[in-house]
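**Student:** All chains should be built: construct the whole structure from the sequences, respecting the hints.
The chain contents come next:
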Amino acid sequence: MGEVLAFWFFAALTIGCALLALLHRNVVNSAFALLGTLLGLAGFYVLLAADFLAMTQVLIYAGGILVLILFGLMLTPPVTNERRFGRILVAVAVVGLGAVAFWEKARGAVWHAAAREELAAPAGTVREIGLEFLRRDSWLLPFELASVVLLAGLVGAVYIARRRFPREDV
Amino acid sequence: MADALSYLDALKYILPEVALTIGLCAVLIWDLLGGGADRPREGAWLSLGFLGLTCLLLIQRLGWQEATVFGMVRVDPLATVFKLFIATAVGLVIAFDLADRRQPAEGKGETWFLLLTAALGGFFLVGTGNLILLYLGLETLGLSSYALAGIHKRDRAGAEASLKYVVYGALASGVLLFGASLLYGMSGTLEMREMARFLVFAVDEGRSAQVLLPTLLILVGFGFKLSLFPFQWWAPDVYQGVSTPIAAFLAVASKGAALAALVRLIAVAYSGLLRLGPDTFLPETDFTRGFVLLLALMSAATMLFGNLAALRQENLKRLLAYSSIGHAGYMLMGVAVLGEAGFRAALAYSFVYYLMTLGAFGMVLYFANQSGSEDIRGLHGMGPRHPLAATATIVFLASLTGLPPTAGFFGKWYLMVAAWEGGLPWLALLTALMSVVSLFYYFRIARALFLRPEEEATPLPDAPRTPVLGGILAVLAAGTLVFLWFEPLLAAASVGVEAVLHW
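As they're listed, the protein sequences go chains A and B.
Every position in the first sequence, counted from 1, becomes a number in the working numbering once 160 is added.
Every position in the second sequence, counted from 1, becomes a number in the working numbering once 4 is added.
Simulated from the structure, these hints should not be mistaken for laboratory data.
Glycine included, each C-beta is placed from N, C-alpha and C at the ideal position.
Don't take every hint at face value.
Unchecked claim - With a Cα cut of at most 20 Å, we get these calculated EDC-like pairs of lysine to aspartate or glutamate:
(1) B:Lys16 <-> A:Glu304
(2) B:Lys157 <-> B:Asp104
(3) B:Lys16 <-> A:Asp297
(4) B:Lys168 <-> B:Asp241
(5) B:Lys157 <-> B:Asp241
(6) B:Lys157 <-> B:Glu110
Unchecked claim - Which bits of chain B does chain A cover? Going by a derived footprint, with three or more residues having C-beta under 8 Å, they are:
(7) 67-80
(8) 115-123
(9) 136-148
(10) 152-162
**Tutor:** In structure tokens:
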């Protein structure tokens, strides 16, 4: 019972805040509303016994990305907040049509991932995740490739954000 | 299997990737030590050296037994051939960049580094049957490409192109990830090979819509990379805004890698649902019919859009962007057949596309060096003064149009035969029609080269000579012209497809 209540609470938090973020006139308020969505998702991860994922969600999204978004908003000139009802209507129509088209079929979906694996991980998942990341035939290679992705992103970002060509400083 | 291999044996299979990774680290360190700013050319030679080493290792691995190492890296002919495709294309792009006399010297070290990371991403993209590694490869390729598009940050058009590319790209890759996660949810596995069973099962049970939704979402991601209609809007602006070598990279290396990965994904994960596959379980399901129709319509729309929009272009790079959209449509036609012949024809066409598109972009670069302009009018009267490059250009244009005896003709021929026999005769006819349309805009380039009088301001006084670029163009043109080359290419495509289908 408690879990069901928690589920509905997090669902309401996630969806409500997402709607608020979309529809609010003020971009800064939208950004703050996003905080609720991100925390709600973290709540879902806790319910799914994915403690590590929940932690990273709070640390990276709620903590890091959101602050980045707020900085971005502060450093850019404010946008005039005209509301685009036409666009919102089109979006709602498209999503609605898609939902109608797929709802019946999607309801019968069999989720093998959920059915096959034990979800409850009593001792926490951090240790297993760490081991899997370094085991050869498991996630070692994607883990290493992720470092190349980050390196490429870092080099690209620093290069584009760098103000002057170094030689001009001399 | 991988378990039988020792760590070092497993490492041998991915030695090309290891060499490339060492290479990109070396280039980065070289740049940090100051080499990039003062002697950008040496960084390029360093990159080319490591790419050459990678290619040698790849060639050595061409005859190796197929294997899966590190749990998810698939080393088979398809992967190895396309890794060679990517590595050589990136090498040529670096050579193009060295020959480009109109770029600022800024950001060279970063350019070489990002080209190498993009190649590494492409390697994993084409060489895996695991959705996570596929996505990571796609992102490595994508992130590097976004940064490469913005490397000339002082240039307004370049900055705009980069931004457009990153926004569309992030959206497309997010949608793809959503589709992949739905597939994972349904099948409980990230391995394409194991996924196939669940997809067949789901379709058999009458849950086609459930399979169709993630399939559509994944197609969005690949459609963006391949610039398929309706996800092609970024391509003309981006190709025009970035420097010519980077445009060539996006048009050839990035597209080729995405095509190979798409073929592997469809041939493996949907192997039970293929129309003409080795283990097709039912004559034809609703899902298969719908999937074929969807891909065929996408292909037709892409061809129509690319070729019709190219008719009115004045800027050469923009024209080539639309033309490359059209060619993506032709390649998708092969995939749409959902059978061995179609896959083979699509992959073979991608090799042909490699030769002629790199050649066409090299041509833009060559003449832009001479005239300082990337418009068609910049070519006026250039033909008689640069006979070699102009002749090569004619060969590329003939091949892009699909005129015999160039490779383009044979590539298109195989595609049309595959489509005709695969039950899509209307698509084959549309291809023929679009080839006629494309003759109009390709012929405009040839006419500008030879039949238009030279304008007064055309030649730059200090037009540099770029003999190496001319040489590359000549070699590519010879490759395009000598269609005997086409047999080994077709054989390579065939072996690659077979390796995937009978995995």
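**Student:** All hints, please: hold or fail.
**Tutor:** Okay, the hints, checked on the actual structure:
1. B:Lys16 <-> A:Glu304: Distance ~17 Å between lysine 16 (chain B) and glutamate 304 (chain A) Cα, so the pair holds.
2. B:Lys157 <-> B:Asp104: The hint holds at about 17 Å.
3. B:Lys16 <-> A:Asp297: holds (15 Å)
4. B:Lys168 <-> B:Asp241: Distance of about 8 Å is within 20 Å: holds.
5. B:Lys157 <-> B:Asp241: Status holds; Cα separation ~16 Å.
6. B:Lys157 <-> B:Glu110: Satisfied, since the Cα-Cα distance of roughly 10 Å is no more than 20 Å.
7. 67-80: Result for this restraint: holds, n = 4.
8. 115-123: holds (count 4)
9. 136-148: It holds: at least three residues are needed, and the stretch 136-148 of chain B offers 8 whose Cβ sits within less than 8 Å of chain A.
10. 152-162: Our answer is that it holds, as 4 residues pass the Cβ test (under 8 Å) against chain A, meeting three.
No hint from the list above goes unmet by this structure.
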